[in-house]
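Listed below, chain by chain, are the residues.
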Amino acid sequence: MPGAKPYSLLHTATNPIARMLPLQKEQMMVYRLGEKYPPIGWLADHCPTWEAVTLVLAPLGNQQVRVNLQRDFTLISISVTNSSNVNGGFRAQLYDIKKQLRFSDRGVQQSLMGGPIGGGAGFGPGTFFLREPYRFDLADSQVLVVAQNLENVQNLIQIALYGSALRFNQVSNTAPEFPGGSVSSAAPQGGG
Amino acid sequence: MATQAVPPAPGPAQDNDDQFERQFFSYVLDRVVPANAVQDPNQLQILSDADFEWWWAIASRTSGLLKVLMKENATGRDFIQTTAGSLTGTAVFNGINIDNWAGTAAGSAAFPLAVPYIMPATRVYSLLFTDASGALNTVELVFSGFKLWPRPKVG
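These protein sequence lines map, in sequence, to chains S and Z. Anchor point for the first sequence: position 180 equals 180 in the working numbering, and the numbering is continuous, going up by one each time. Here the working numbering = 1-based position in the second sequence + 1000.
By construction, these hints were calculated from the structure, which means they are not laboratory data. Please note that the accuracy of each hint is not assured.
[Stated by the list, open to error] Below are the SDA-like pairs computed for lysine to any residue, each with C-alpha atoms no more than 25 Å apart in a straight line:
1) Z/LYS1153 x Z/ASP1049
2) Z/LYS1071 x S/ARG167
3) Z/LYS1071 x S/ASP137
So that you can see chain Z by itself, here it is in the shape it has in the complex:
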């Protein structure tokens, strides 16, 4: 008589299982932004081995007089935007003040997205920096989260 596999008991844990193993991982972007640069372009590409689940934005900079724009190249999506720019006295929208976006982990200022975002493997993201400090601005951005490794189904 063949033994019959006992199905696991249903429950919240099983219902929430998306069949991925999460590996802690961070993508890092380093840049020395030239003085008074306007929308200085930088690119960050997700590695081809796995999708990335983005949970935290972490940033350090020399001067807070720095703005950031973030775009997803494949879709053209702007993560940072406003439609109010023409009304506010600012001629060009150069992004969010970096201190409004994220801070350092040491300062307990890593920003939790709360709702994670999946960055597909090989996708490219553009980060554009605008400096108003008048000096070199050394920036490091960290996208912290998880690599998503598909888990082979058992049985």
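Chain S on its own, in the form it takes in the complex:
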């Protein structure tokens, strides 16, 4: 059908390392494939940020936490650790509160969500890179993390959300600004 675009990347954040992944180690390795400068796009002025959500789960208990995200936080990868993993560790689900979107239709088991990067215990680096980054582009975005312990003992878990956030003093033409101006020191905009 003329004009049909079954899968269009229009308005979709493009993973800066998507075209630099060898087939064997697609989760981790970066190299330059005949391209001197990677296609960073609008993430160029952003800053690496790790949102480290730490939870102490009671035996078979569950918890939910809400994390305030920095401006234009763009999720790139997820890594996970826990203190007990006999019955599968835990399940967790992520929600974009501002957009009212969930990232999975039910909780994802820890081993399918991601693993640690270092100290891989024979499995190698377990961080999971999103095929395309997910952009929390609305002002005052929050992510809700709901986790359920699958273990019969207390489980100390950490879900580390790695992403890029706009620097607080960086004016952007694409990211929404906080009320009061483009930067914290800017004069209030408009009337009312």
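Could you slot chain Z onto chain S? The hints should help.
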């Protein structure tokens, strides 16, 4: 008749030229973290000769029972954070588990930032370690990337 310089053909390569030469470089932080230390402070300063473009985080440790915080002193920016600490049963947020942050290159576990970060020359970064292993924890962090040397314009 004066010869006229032929401008280079426009193209993606030229459009992406930011006028910097990149020299592979790594900043290394070594520390033997005392047993059960809480937010043990360490500083890393970028050399004054050039800005640094940070691409990879690489880390080794004795025990994985170690957390890391990273701050940029000049701006007060926290690279590692959460606002959920008070809700999670953990009294104080001491950072990310080091194994969630980076691993060794030998284990193919160097972490690619994907989006590089410019660390300006002379800027100081604080790394704070919290140990839960109960023993000395020997840590090495490597910030791998490029020194940015401005290239003089030709013509």
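Evaluated hints:
At most 25 Å may separate the alpha-carbon atoms for a hinted pair to count; Z/LYS1153 and Z/ASP1049 meet this at roughly 19 Å. Restraint check for Z/LYS1071 and S/ARG167: satisfied, since their Cα atoms lie roughly 13 Å apart, inside the 25 Å limit. The hinted pair formed by Z/LYS1071 and S/ASP137 meets the criterion: a straight-line CA distance of about 24 Å does not exceed 25 Å.
Against the hints set out earlier in the document, no violation occurs for any number.
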